[in-house]
Amino acid sequence: MRTDFTPEMVGCCIWGHIWSSWRRGPGARAALKAAGFGTWTRHQLQPRGSSKRSGPPRDQPFPGLLRLEDLSREELVDVLRAAVVDQKGPLVTVNKPQGLPVTGKPGDLTLLSVLPELSQSLGLGERELQVVRAPGKDCSGLVLLSSCPQTVSRIQKFFTHSRRVQRPTATYCAITDGIPATSEGKIQAALKLEHIDGVDLVVPVKPPSRKDILEGVKRTVSHFRVMATGSGCALVQLQPLTVFPSQLQVHMILQLCPVLGDHTYSARVSTVLGQRFLLPAERTKPQKQVLDEALIRCLRLTPSQAAQLPLHLHLHCLLLPGPRPQDTPIELLAPLPPYFSRTLQCLGLHQR
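Per UniProt numbering, residue 1 is the first one in the sequence shown, and the count goes up by one each step.
These are computed hints drawn from the structure, not numbers from a lab. Bear in mind that the values here come from a model prediction, so they are computed numbers and not experimental data. Heads up, some of the hints might be wrong.
As the list claims (entries may be wrong) - Below are the EDC-like pairs computed for lysine to aspartate or glutamate, each with C-alpha atoms no more than 16 Å apart in a straight line:
1. Lys218 with Glu194
2. Lys88 with Glu128
3. Lys137 with Asp108
4. Lys285 with Asp197
5. Lys192 with Glu215
6. Lys105 with Asp86
7. Lys285 with Glu215
8. Lys137 with Glu69
9. Lys192 with Glu282
10. Lys206 with Glu282
11. Lys137 with Asp200
12. Lys288 with Asp138
13. Lys285 with Asp200
14. Lys88 with Glu331
Stated by the list, open to error - Label-pair distances were calculated between CB atoms; the ranges are:
15. Gln166 with Glu215: 38 to 44 Å
16. Gly107 with Ser183: 42 to 48 Å
17. Ser153 with Lys285: 37 to 43 Å
Note that CB positions come from ideal geometry on N, CA and C, so glycine has one too.
Please take these sequences and the hints and turn them into a complete structure.
As structure tokens, then:
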């Protein structure tokens with residue numbers, strides 16, 4: 001049965017209905033524990049009824065990894081429908097697979113391009129979904145969709161206010177090549193987008209002048225906490241307090257700990273006599289991430305497979321406003337992708 005939502009329904013009544021079955025939690029740290037690190041997700045994100053085969057097992061070291069080139073629009077809709085974490089009223093939460101872009105050129109297969117079909121598949125009728133928040137193409141994790149403009153506005157105002165008061169609303173999980181020097185802290189850096197050799201790349205600027213700020217340089221901030229270590233790698237919780245493209249990847253580069261699978265910025269970290277240091281960002285071209293032979297063996301990969309390692313950066317937890325302003329924010333959680341869990345197991349990461 002179709003239900004049309006009026007502006008009045010998007011008040012406390014509808015918000016109370018939406019949030020009543022979503023659990024509350026004490027914070028992102030507890031959410032990490034609740035997600036069950038090292039466990040495999042239940043959904044393998046494979047299109048239902050698909051007979052396509054993507055090669056022998058030895059060519060597929062990353063279970064559940066999305067290959068857009070193998071999918072039709074209908075199959076991608078099936079994948080996204082299987083990845084729905086929850087659906088309450090006008091809100092739909094999807095655990096986006098790594099490699100799926102949110103936007104793109106006309107004709108590209110993207111999340112936005114299949115939202116009309118996904119809306120129909122989820123029984124929303126003419127109330128087409130729109131993106132409220134989503135991680136970038138190479139990241140996996142929570143995508144928040146809504147078919148109600150008033151709901152979108154309320155959530156966006158919550159996010160804007162949270163940034164203003166420096167309260168994180170998103171928690172990412174990352175596996176890094178290297179262990180940060182401190183177990184937790186704050187990363188602050190002025191960043192800008194620069195067109196280098198035909199590619200838009202994020203580069204740090206220090207110290208930024210007033211002219212730099214006017215020309216697109218942004219001061220960015222992230223919190224980090226090391227949750228586990230093993231085999232020279234770390235499981236890191238990241239909470240951005242600002243929004244900028246590739247912010248978390250570049251912040252971990254500045255910690256000399258590239259995210260596993262970062263084939264864009266990891267070349268900026270070099271090593272001499274066991275000591276890591278930064279290369280000039282403006283003169284360092286993107287290249288496939290180079291991992292130590294011992295780490296490749298630990299991950300049980302061939303060198304060619306290591307060169308295709310997906311980015312291990314997952315939007316695991318989002319905070320949303322409760323039904324009333326004084327209520328505790330609501331936590332939404334997305335399970336880890338299978339390849340992420342596989343890597344945790346291979347590295348023998350043990351939570352501190």
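(request) Take the C-beta atom of Ser153 and the C-beta atom of Lys285, compute their distance, and say whether it sits inside 37 to 43 Å. (result) holds (42 Å)
(message) Between the alpha carbons of Lys137 and Glu69, is the straight-line distance 16 Å or under?
(response) This hinted pair holds, its Cα atoms lying about 15 Å apart.
(message) What's the verdict on Lys137 and Asp108, does the C-alpha distance respect the 16 Å limit or exceed it?
(response) holds (13 Å)
(request) Given the hint that Lys285 pairs with Glu215, test it: the Cα-Cα distance must not exceed 16 Å. (result) Roughly 23 Å between the alpha carbons, so the hint for Lys285 and Glu215 is violated.
(message) Can you confirm whether the C-alpha distance between Lys105 and Asp86 stays at or below 16 Å?
(response) violated (29 Å)
(request) Would you check the hint for Lys88 and Glu128, treating anything up to 16 Å between C-alpha atoms as holding? (result) Holds, because 15 Å separates the two Cα atoms, which is no more than 16 Å.
(message) Holds or violated: Lys285 and Asp200, Cα atoms, limit 16 Å.
(response) holds (11 Å)
(request) Mind checking the alpha carbons of Lys218 and Glu194 for me, to see if they're no more than 16 Å apart? (result) OK: Lys218 and Glu194 at ~13 Å, within 16 Å.
(message) Need the status of pair Lys285, Asp197: alpha-carbon distance at most 16 Å?
(response) Holds, at about 8 Å.
(request) Evaluate the given range 38 to 44 Å for the C-beta pair formed by Gln166 and Glu215. (result) violated (25 Å)
(request) Mind checking the hinted window 42 to 48 Å against the Cβ distance between Gly107 and Ser183? (result) With a Cβ separation near 47 Å, Gly107 and Ser183 satisfy 42 to 48 Å, so the hint holds.
(request) With a cut-off of 16 Å on the C-alpha distance, tell me whether Lys137 and Asp200 pass. (result) holds (15 Å)
Hint check: violations occur at hints 6, 7 and 15; the rest are consistent with the structure.
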